[in-house]
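K.L.:
Given the sequences, and given the hints that come with them, work out the whole structure.
My numbering numbers the first residue of the sequence shown as 3 and each following residue consecutively.
Everything labelled a hint here was simulated from the structure, so no lab data went into it. Each residue gets a CB set at the ideal place from its N, CA and C atoms; glycine is no exception. There may be inaccurate statements among the hints.
Label pairs and their in silico Cβ distance ranges [what the hints assert, rightly or not]:
no., residue 1, residue 2, range
1, Gly174, Gln257, 30 to 38 Å
2, Cys38, Asp68, 19 to 27 Å
3, Pro104, Gln134, 18 to 26 Å
4, Gly153, Asp68, 31 to 39 Å
5, Ala103, Leu50, 19 to 27 Å
6, Thr70, Gly121, 25 to 33 Å
7, Gly132, Arg261, 21 to 29 Å
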Amino acid sequence: MTTHVTVRYTRALAALAIATVALVAGGGATASANVCADANGGYFGRWLQPNHAMPINELTYLSSMDATKVRARLMDAADTWNREINTCGYSTSLSHTIALAPGAFASAQDRADGDRFNGRNQIAFGPIRGIQWARFGCDGGVLACAPYHRGANGYFDETDVQFDTNYNWWGGRETTVPGNAHDIYVPEGWYDLWGIGAHELGHTLGQAHATNAGNNLTMRPQFCSGTNDAACAPYGGPSSNARTLGLGDIHWYRQNYRRSGP
Numbered sequence: 003m004t005t006h007v008t009v010r011y012t013r014a015l016a017a018l019a020i021a022t023v024a025l026v027a028g029g030g031a032t033a034s035a036n037v038c039a040d041a042n043g044g045y046f047g048r049w050l051q052p053n054h055a056m057p058i059n060e061l062t063y064l065s066s067m068d069a070t071k072v073r074a075r076l077m078d079a080a081d082t083w084n085r086e087i088n089t090c091g092y093s094t095s096l097s098h099t100i101a102l103a104p105g106a107f108a109s110a111q112d113r114a115d116g117d118r119f120n121g122r123n124q125i126a127f128g129p130i131r132g133i134q135w136a137r138f139g140c141d142g143g144v145l146a147c148a149p150y151h152r153g154a155n156g157y158f159d160e161t162d163v164q165f166d167t168n169y170n171w172w173g174g175r176e177t178t179v180p181g182n183a184h185d186i187y188v189p190e191g192w193y194d195l196w197g198i199g200a201h202e203l204g205h206t207l208g209q210a211h212a213t214n215a216g217n218n219l220t221m222r223p224q225f226c227s228g229t230n231d232a233a234c235a236p237y238g239g240p241s242s243n244a245r246t247l248g249l250g251d252i253h254w255y256r257q258n259y260r261r262s263g264p
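P.N.:
Structure, rendered in structure tokens:
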């Protein structure tokens, strides 16, 4: 049976400028058909500087994970935005760069934990359970969560991403050629690390969900496991379809970083 996934965007504890973006189990809305003509989307914040670093805590990988492949897929996810990878023929217009690489972490316990903001961005794997996550709407059936924090100037000063290890993450693409988004096989019951990673990293850039989004928009709020489009309908396509940006993703990303103010 195909598992359908809805992304829920929650803005919590606004007075402290803290919020999260989460992927949670649930249903979805019918998607429109043409990602190259779908301009849905939006933004909720941005970085002041032209790039931000996202160190990966590779100590949090499960023993069953191939560290080389997982690292490559996460870097592909960052490249989706850095190179504006799309299948619609849109040209790249550099807006903001995510510098993603393994970081120097001392412990597997050094993860995002929902309400801990220490001024250091990071990507990690681990359970998303407990009151520190629940207070942000990231507990119970959550696939991944991207908490963020705004500084006194209104711009982001920290963003984190955590993937819940209670779910199966597919990072097994064999080719080492970066940006090969055409090999989209993902086993049934598994979620594509590249696709969901691109979605979560979009939130770390300040991109909001694209409601009523097209089948392939990276920031659409509906995903499902596996690769079979027919089995996913009408939930916006499988998670591997989020590897490439559509018109709405690119348009609102560029608008976000061309404006003035936080």
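K.L.:
Decide, hint by hint, whether the structure agrees.
P.N.:
Hint check:
1. Gly174 to Gln257: 30 to 38 Å: Distance hint for Gly174, Gln257 holds at roughly 35 Å.
2. Cys38 to Asp68: 19 to 27 Å: Violated, at about 33 Å.
3. Pro104 to Gln134: 18 to 26 Å: At roughly 25 Å between Cβ atoms, Gln134 and Pro104 fall inside 18 to 26 Å, so the hint holds.
4. Gly153 to Asp68: 31 to 39 Å: The hinted range 31 to 39 Å holds for Gly153 and Asp68, with Cβ atoms some 37 Å apart.
5. Ala103 to Leu50: 19 to 27 Å: holds (22 Å)
6. Thr70 to Gly121: 25 to 33 Å: Distance hint for Thr70, Gly121 holds at roughly 29 Å.
7. Gly132 to Arg261: 21 to 29 Å: violated (37 Å)
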